[in-house]
Amino acid sequence: MVAFVLVASACGRDPKVTYARLLERAASWSASVQFTAEMARARYVPRAFVHDVLSTSVNALATIRRQIQDDRDVDARSRTQTADLCWRLAALVEEADRARALPDDRALRDIEIRLRAAAQAARGLVPLETPW
Amino acid sequence: MVKNLTKVGLGIVTSVGGFLEVGSIGTGLQAGATYRFSLLWAIVVGTICVAFLTEMTGRLAAVSKHTVVDAVRGRFGFPFHAWPFGAQVIVDLFVLASELGGAALAWQLATGISIRVWILPITFGIWLLLWYGTFDSIEQSVALLGLVTLSFAVAAWRLHPDWSDVARGLLPQRPQTDPTQHAYLAVAILGASISPSLVTFYSSGAVEEKWTPKDLLPNRIVAWIGMGFGSTVAMAVVIVAALVLAPRGIHADSYQQAAALLSVPLGRWGFTLFCASLFIGCVGAALELALDLSYIVAQTFGWDWGENKRPIEEARFALTYTIALALVMVPSLLGIDPLKLTMFSMAITVLALPLVVGPLMVVMNDKQYLKAHTNGFVTNAAVIAIVVVAFVLAMLALPLQWLGA
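Just so you know, the sequences run in chain order S and H. Number -1 in the numbering used here belongs to position 8 of the first sequence; there are no gaps in the numbering. Number 144 in the numbering used here belongs to position 143 of the second sequence; there are no gaps in the numbering.
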């Protein structure tokens, strides 16, 4: 049983998919912050919830950034660039949270698009045209 | 007749109000957000299996006056029973920890105050309900409050989904990306639907309520109609997530990402209803799980048991849920993410299923216990097929998800 599990996991592991998932998770956090901001502007969600989403996303993005930096299966240039996108995203969200304001949607959307393009490139779905 | 109709009505309300809990909400949100409607089939399969199982355990209690634990221990002896017992205790503890985490998280979402602060008063509140409540009062009040979860069904209706798209999701299909994650989510949905605790809890409740063979028809109606309606609420979670989160590219890796989803179809009330649904669903399930742990431990060791008795009359029964509740606060106090804990708990539930369901199937075909009411071919074939498929899927998907991709 143990052997089966190890063989199955070794066969199933695709570093590109793992990397792409990390980028998609970061992009998903960007989309979540935009969605929360949209709901907050309509006064559908309380301020405490907005703060919770912003601070949780900052922590999640820091973890994703560390995982990207530690991913030795990806070339160093890609890693640096996508880790930097995560850092910029987290910085934008953190700044807004500190100022008790809503983050700049356009900047978030811009980073999200770049992350999604990088994820698609990692999956080999589209050629990478330096999205950053 | 009127008594039976009332019983059936209450049973259906209980099934609908109690269907949604942290597992079905968490897995439904992730499934809908990531794969839109393509995992709805897993809810249907899980519901068919759980309807068969609840009908079976109700029948066992009504005909033989035995709970599942009693019957399995009596049929196979203690050394064999130790295996399903151990598996179920582990699964129940993990799922109970997830439910408490979910209930505390609902308050964190509403107030911004950490779940570490909420977990203690919520656990204490649940303990008080168990200490002072009776089986009926707990089951019916929580289930009635649980009807708030119907807000997901209203939300799904108001979003006007393309019903042909939804119907296509009722048949299994190969995903375009990440088949491992797709299979993992299918396993988690099955785990959320086919809960072993439901099997033992339902039979213990039936024995507490002194069911007789006259209750077989109401039992069958409640199992199928109640679970059927309940599963539509679980499907509504997937549909709402598919229509609100998926188009925005939100994956629902945490509850924070999904908590505002009901605001799109329901406006200002949406967020409150989400938090209320999460809280009430989780508290209801936590009450059932804490009781279930006491039931299985007490029945395994032959202690006095029963939620309708006063704690002084069955001190070890009350002590068991007290210890269990104290233990399962730990993950939330350590800051473990409730959604990750939920997904893990639902996955290991599927791994434990054969250990719990296998011996039950033998008992359900034993004329010494069931007399003329043993299982028919369809029941045996359907339950065994679903449990085997779920287990094989889990054995393939879980290692890949946890250790590999």
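Since the hints were derived computationally from the structure, they do not count as laboratory data. Take these hints with a grain of salt, some might be off.
Said to hold, decoys possible - The following label-pair restraints were derived from C-beta to C-beta distances:
no., chain 1, residue 1, chain 2, residue 2, range
1, S, Thr71, H, Gly268, 53 to 61 Å
2, S, Thr54, H, Ala327, 25 to 33 Å
3, S, Arg32, H, Arg117, 27 to 35 Å
4, S, Arg63, H, Val379, 48 to 56 Å
5, S, Gln60, H, Ser142, 45 to 53 Å
6, H, Gly113, S, Thr54, 18 to 26 Å
7, S, Asp101, H, Leu320, 54 to 62 Å
We treat Cβ as the ideally placed atom computed from N, Cα and C, and that holds for glycine.
Hint numbers not upheld by this structure, sorted from lowest to highest: 1
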